[in-house]
Structures are given as C-alpha cells and as structure tokens.
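Chains A and P, in that order, give the protein sequences. Last residue of the first sequence: number 319 in our numbering, and the count goes up by one each step with no gaps. Last residue of the second sequence: number 319 in our numbering, and the count goes up by one each step with no gaps.
Read the hints as simulated data drawn from the structure, not as lab findings. Any given hint could be a false lead.
[To be verified] SDA-like mimics (lysine to any residue), calculated; alpha carbons at most 20 Å apart, straight line: (1) P:Lys31 to P:Asn14; (2) P:Lys289 to A:Arg175; (3) P:Lys289 to A:Gly179; (4) P:Lys291 to A:Gly179; (5) P:Lys31 to P:Arg45; (6) A:Lys289 to P:Gly67; (7) A:Lys63 to A:Glu102; (8) P:Lys289 to A:Asn158; (9) A:Lys3 to A:Pro75; (10) P:Lys289 to A:Pro75; (11) P:Lys57 to P:Gly67; (12) P:Lys57 to P:Asn14; (13) A:Lys291 to P:Pro75; (14) P:Lys291 to A:Phe79; (15) A:Lys3 to A:Gly315.
[Claimed, not checked] Partner residues aside, some chain A positions facing chain P, computed with beta carbon under 8 Å: (16) Pro73; (17) Pro75; (18) Leu154; (19) Phe157; (20) Val248; (21) Glu257.
[To be verified] With the C-beta cut set under 7 Å, the calculated list includes, among others, these residues of chain P facing chain A: (22) Glu56; (23) Gln80; (24) Cys149; (25) Ala161; (26) Val162; (27) Thr168; (28) Val169; (29) Cys178; (30) Thr249; (31) Val288.
From the three backbone atoms N, C-alpha and C, an ideal C-beta is built for every residue, glycine too.
So you can see what is in the structure, the chains are spelled out below.
There are 2 protein chains.
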Amino acid sequence: MEKLFIGVDIGGTNVASGLVDEEGNLLQRDKRPILADVSQKTSLRQIVDGIRAVAEKEGISLKEIDGIGIGSPGPLDPFQGVAFSPVNLPTWGTVPLKRIMEEELSVPVTVDNDANVVAVGERWKGAGREVDDFLCVTLGTGIGGGAICGGRLLHGFNGNAVEIGHITVDFNGPRCGCGNYGCLELYASANAMARRTRQRIEREKPESLLTEVEQITSRTVFEAAQRGDKFALEMFQETGFFLGVGLVTAINLLNVEMVALTGGLANAGDLIFEPVRRTILERGFPGVKEKVRVIPTELGEDAALLGSAKIAIDGGVFI
Amino acid sequence: MEKLFIGVDIGGTNVASGLVDEEGNLLQRDKRPILADVSQKTSLRQIVDGIRAVAEKEGISLKEIDGIGIGSPGPLDPFQGVAFSPVNLPTWGTVPLKRIMEEELSVPVTVDNDANVVAVGERWKGAGREVDDFLCVTLGTGIGGGAICGGRLLHGFNGNAVEIGHITVDFNGPRCGCGNYGCLELYASANAMARRTRQRIEREKPESLLTEVEQITSRTVFEAAQRGDKFALEMFQETGFFLGVGLVTAINLLNVEMVALTGGLANAGDLIFEPVRRTILERGFPGVKEKVRVIPTELGEDAALLGSAKIAIDGGVFI
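Modelling step: build the complete structure from the supplied sequences, incorporating the hints.
The following block contains the structure:
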C-alpha cells in the first residue's frame, strides 16, 4: 500500500500542511493563520488542527499517516526535534516539538529548520533535482540557507550548518545581531537593501523616484527599478554584488554545483540574478565559477511542504 | 588475511610512502626527494620507486597490496584521479595519476588532494577521531583545508570543496591570485604575516628586534615573539584575529565541532591559538562558538600517509 506523509511549514504568520506520497505528489493542502502573540499551547493547537484537517480532506485517519515532517523557524536541534525561542514566535520559548507532536498525534515526527526543508524540497522536486551538491538561499528580511552536500542534507554537529546570512563579507563591517561583524545579511538582505537605500538618499539626495525616505522598502526599490529608475537599479546592482561576494565564499567552501535563490529579493529576477552571476564570474575559483549555475527556485511555497514531507520519508537527519 | 595499503604523500620537495594496515598502524615508511624541476616522467618514477621501496622493506610484493592512496597537491579531480598542473610541480601539466599508477603498479589507486588526506588522517587516528564534523586547516605559505561533514569527506561537485584560503574576509581587500579579493590567505598565511610585518616596519618603524626587513619571514617573527618582542607579538595577534574571522565563516557554514590547525604557523602554539580562539568567542554564533574546539593536529607528517591509506581502504571518494 502507498505510504503517506504530512509535511508542515511553520511560518511567522501561517502554518501550511500538505499530504504527500512517496513520489512527491502533493495530494491535499491546508493553510491557516498562526498567531505570533498567542500562547505556545494555542499556536501548537493551530499546527495540530492543520495536520488533522489535511488528513480529513483526504478522508483518512492519522493512523494511515507514516510520518510527519515539520519545518520550523530556528534555532532548533533537528536531532532532538526541539525549537529554541524562534524569533518570529516569541511566546514559544524552548519547545520539544517532536515529543509534543508525537504524543498528540501518535505518528513519528521529524523536525528540521525552515531553510533546510526548502532546500530538501527543491532538491527533491524542484531546481536542484539533478545535482548532489546544492545550495538553496532564502532572501527574506534576513538570509537563510540549506545545503545538500554529496546528496545529503548538511546539518553539522548541532544542526546549525549553512548560516549563510552570517558569513563575513567585511571583517571591519558593522556589528550583527548574531555577534559577528560585517555579516552577509547586513549587506544583501531585503532589509539591508532598503536601509542602504534610505541612507544614500538622505546622504546623497540622488535623482530618483524614491523620495519618501520613511516609506522605502525593498518593494518600493523594486518598483522604481522596474520603471527604470537609475538609482534604484544601482541599489539592486550593489545588493547583487554583495550577495555574489557571499556566494563566492559559500561556493569556495561547499563546491556546490547549483545555487537556487528564493524569497522576496529572488522574485526581482534579472535585477538581482544578473549582478550575482557577474560577481561569481569575476571572483569565483577558476574551474568552478564557469560551471556553477545560479537560478531561481521552482516550487514556491510547495518547497517547504515537500521538503518537510521528505525529511519524514527519509526518517529525519540521515538524508 | 590482513589487508595492506600504501599511503603516498606527494609534497613539493619530498615524496613519502607508508605501509598501513586496516587498523591504521604504520608498518613501514619511505621518504625520498622529488625534484620539482625534472620531467613529469622522472618525478613519477620517484613516486613509483618510493612505493616499491616501502613494500620491499616489509619483504612483500605489490601483489599483496590491496590499494594505494595518493595525496597530491591540487588542483585535481579526485573522482577521476587527475592532477592539473600542481603549482609546486611545474613540469607536471595534466597528469592522469590514477591511470598511470594503476598501469605501472597493477594495484587499485585512489587520489585526493593533500589537504583532504591530512583531514582524513587526523580524523581517523589523530585530533578528529571522536567527531563527525571536523575541519582541518593547513597554514603554510598558503592556507588549505579539508572537512569531514557528517562523517564523510566533503568533496563538492568537482572536488574543489574547502578552499578555505579563498573565502572572503574583506570584499574590498586586495586581489588574490585565485581571482577573488580579500581572501583569507592574503591575511592569515605565513607569507601574509611576513609581508604585513615587513610593510609595517617600513611604514611605522616600530621598536622591535625585527629590523632587517629583507630577512623577515614568519620564522623570524616567531623567534622575535618568543623573545617577548611586542611588535612581533602584535603581528601574531593580528594574524590569529584574521584566521579567527575566516574560521567563524567556515564554522557558520559547516557547523564543525572541531577545527584542527597544522602547518608552520600552527607550530607557534598559543601565539596563534589564543587570538584564534578569542576571535571565535567574540564573533561566533551563540550556541556554537562555546562548543567548537580549536586544537593542533596530532599526527604531524603521518597524517597524510594515514589519510591517503584510508582513502584507499574506503575505496576513494565515498568516505
């Protein structure tokens, strides 16, 4: 009989669940709000309700589910399945997610961080499906990543691998919340681009459609760039350059064959991909830089659902 | 019957060979010069002679050898066993080392780069023997590295993983021979320390035992530091800081539990380890930095012999 799994994607505002078979077909979905400001118990209840709902939609009971995989915001311990005070779920504190969910649902549960399950999903059914050495980078308010190395998800000794937002691009740069200085995230995230845009407008007063400094976000910069605004285009060039610098470091360490970009800034298309690719060709290692492909992810929101189902299929950390 | 392997370490001036059993006992050794300026054929002959000599010393024939592992200077393709014009063997050009050696010796041959076999050796019998996520960094004229991730040697898609000398510490830094800018190797290698010392003496004329600018090497800086020379001590602090900055990036990507340092600068002991460890504590990721150990390697020259034997035992790239 066909085995069935449920993949769960816990975000800062929603929790999505998907029923997935072993071939990676997404058979049912559920998506519902998860409130950041409610108690741990209430938000866990919303997750459980979503999981139950997705089984009900298929008309099956949880007894027929072979495993549940959960992608959660980190930091977390994927080996124990414990989340430690995720930033966007401030009421959580330390949550033994695996244990609580297994007690509640009587199904084996596997937990990993959100960036990792996206990477696993894209490798399974998306952009990375033909490569064994694959880096998937999420460009959101911060920068996260997951890597497949030699066909296996890279976890490291305590599950904190591929904190690519916190590699150094300038040792003399500003201090980051993580404790390091000059982190990639401070230069190439959506927030960083918006902040740098505001700073330069105030300092340099460039000719630009972007005038209302307080209202500048990565989206308004994107919209101005789409209308041909030279200053906004320059901000994308600069952001892509910084991202390229960070990716050169990641490629020189991990020797991945493909980098897939996802999240807000990746949706800007060539505005961001062109300077990223150019920087890698300018700065990358000979014999590697010509071969590395940098492309958009393919699965959108389904990546996390498929990836979290996949970690359940593979029994967790030994992918 | 006990299986026997030969590990070979090709350096810029010597080739060492060792007879190794499956338990990692080094039963016989041979070491002989390898001349950089002779023809490819002659230097390959020296390697073959060393391999034959180590078997002869044990009184056995090559027919009794189950595999030969060769650690060679890179760049190379470990999957095909081909070396591409190693910098310190300028007459080599492209050498299909695996094929040539297998034809010559009729024994299965596995090839990997020198930094990787040192990492494998140290993980097998040295500093890293209790950890699955291990980074081994060689501080020579340049900076090389090998990493074990989740118990397996990290190769990447074309064998160029862990080019740790070429991760960026300052995107605005000087151009490196690899094409990148502000590479770690330009700040934290023995050559970089000597160069920076010479530059600062010429520019700042500090009070120091180091006066003869032309004669300054990492060794003379070390000797002055040992005699308490404040300026020389400062140069070690600075070099250790830069190395720590690079290691923070590597740790944030690979989440290794241990970093072992080897090569010339590592022999300076606390002069280099203290600032490296301090920088990691200052800049590393919370929850990781307190747990990562940075220690010297344990095996000295035997690391490469044992590691190259080990890649032969494991049948090559799938460690």
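Hint by hint, here is what the structure shows:
For the hint pairing Lys31 of chain P with Asn14 of chain P, the CA-to-CA distance comes to about 7 Å; that is within 20 Å, so the pair holds. Distance check on the hinted pair: Lys289 of chain P and Arg175 of chain A sit about 16 Å apart at the alpha-carbon level, within 20 Å; holds. Note on Lys289 of chain P and Gly179 of chain A: the hinted pairing holds, with a Cα-Cα distance of about 10 Å set against a maximum of 20 Å. Between Lys291 of chain P and Gly179 of chain A the alpha-carbon distance is near 16 Å, which keeps this suggested pair within the 20 Å criterion.
For the given pair, Lys31 of chain P sits about 14 Å from Arg45 of chain P by alpha-carbon distance, which is consistent with the 20 Å threshold. Note on Lys289 of chain A and Gly67 of chain P: the hinted pairing is violated, with a Cα-Cα distance of about 34 Å set against a maximum of 20 Å. At most 20 Å may separate the alpha-carbon atoms for a hinted pair to count; Lys63 of chain A and Glu102 of chain A meet this at roughly 12 Å. Simply put, Lys289 of chain P and Asn158 of chain A have alpha-carbon atoms about 11 Å apart, close enough for the 20 Å limit, and the pair holds.
Of the supplied pair hints, the one linking Lys3 of chain A and Pro75 of chain A is violated, its CA atoms being roughly 30 Å apart against a limit of 20 Å. Proposed proximity of Lys289 of chain P and Pro75 of chain A is supported: the alpha carbons are some 14 Å apart, at most 20 Å. With a CA separation close to 17 Å, the supplied pair Lys57 of chain P and Gly67 of chain P stays within the 20 Å bound. A hinted pair counts as satisfied when its Cα atoms are at most 20 Å apart, and Lys57 of chain P with Asn14 of chain P qualifies at roughly 19 Å.
For the suggested pair Lys291 of chain A and Pro75 of chain P, the alpha carbons sit about 16 Å apart, so the restraint of at most 20 Å is met. Distance check on the hinted pair: Lys291 of chain P and Phe79 of chain A sit about 17 Å apart at the alpha-carbon level, within 20 Å; holds. Between Lys3 of chain A and Gly315 of chain A, the direct Cα distance comes to roughly 13 Å. Compliance with the 20 Å bound is thereby established for this hinted pair. The closest approach between the C-beta of Pro73 of chain A and any C-beta of chain P is roughly 15 Å, which is over the 8 Å cut-off, so the hint fails.
For Pro75 of chain A, the suggested interface contact is upheld, since its CB lies about 6 Å from the closest CB of chain P, less than 8 Å. Nearest Cβ of chain P to the Cβ of Leu154 of chain A: about 6 Å, under the 8 Å cut. The hint holds. Hint on Phe157 of chain A holds. Least Cβ distance to chain P is approximately 4 Å, under the 8 Å limit. For the restraint placing Val248 of chain A at the interface with chain P, the shortest Cβ-Cβ distance is roughly 6 Å, inside the 8 Å limit, so the hint holds.
Taking 8 Å as the C-beta cut-off, the interface hint given for Glu257 of chain A holds, the closest approach to chain P being about 4 Å. A distance limit of 7 Å between C-beta atoms decides the matter here; for Glu56 of chain P the minimum to chain A is near 38 Å, and the interface restraint is violated. Because the closest C-beta pair between Gln80 of chain P and chain A is about 13 Å apart, greater than 7 Å, the hint is violated. With a cut of 7 Å, the hint placing Cys149 of chain P at the interface with chain A holds, because the nearest CB-to-CB distance is about 6 Å.
Annotation: interface hint on Ala161 of chain P holds; nearest CB of chain A at approximately 4 Å, less than 7 Å. The beta carbon of Val162 of chain P comes within 6 Å of a beta carbon in chain A, closer than 7 Å, and the hint placing it at the interface holds. At its closest, the beta carbon of Thr168 of chain P sits 5 Å from a beta carbon of chain A; the interface hint therefore holds under the 7 Å criterion. About 5 Å separates the beta-carbon of Val169 of chain P from the nearest beta-carbon of chain A, less than 7 Å, and the hint is met.
About 6 Å separates the beta-carbon of Cys178 of chain P from the nearest beta-carbon of chain A, less than 7 Å, and the hint is met. Annotation: Thr249 of chain P was flagged as interfacial toward chain A, and the flag holds, the nearest CB pair being 4 Å apart, inside 7 Å. A distance limit of 7 Å between C-beta atoms decides the matter here; for Val288 of chain P the minimum to chain A is near 5 Å, and the interface restraint holds.
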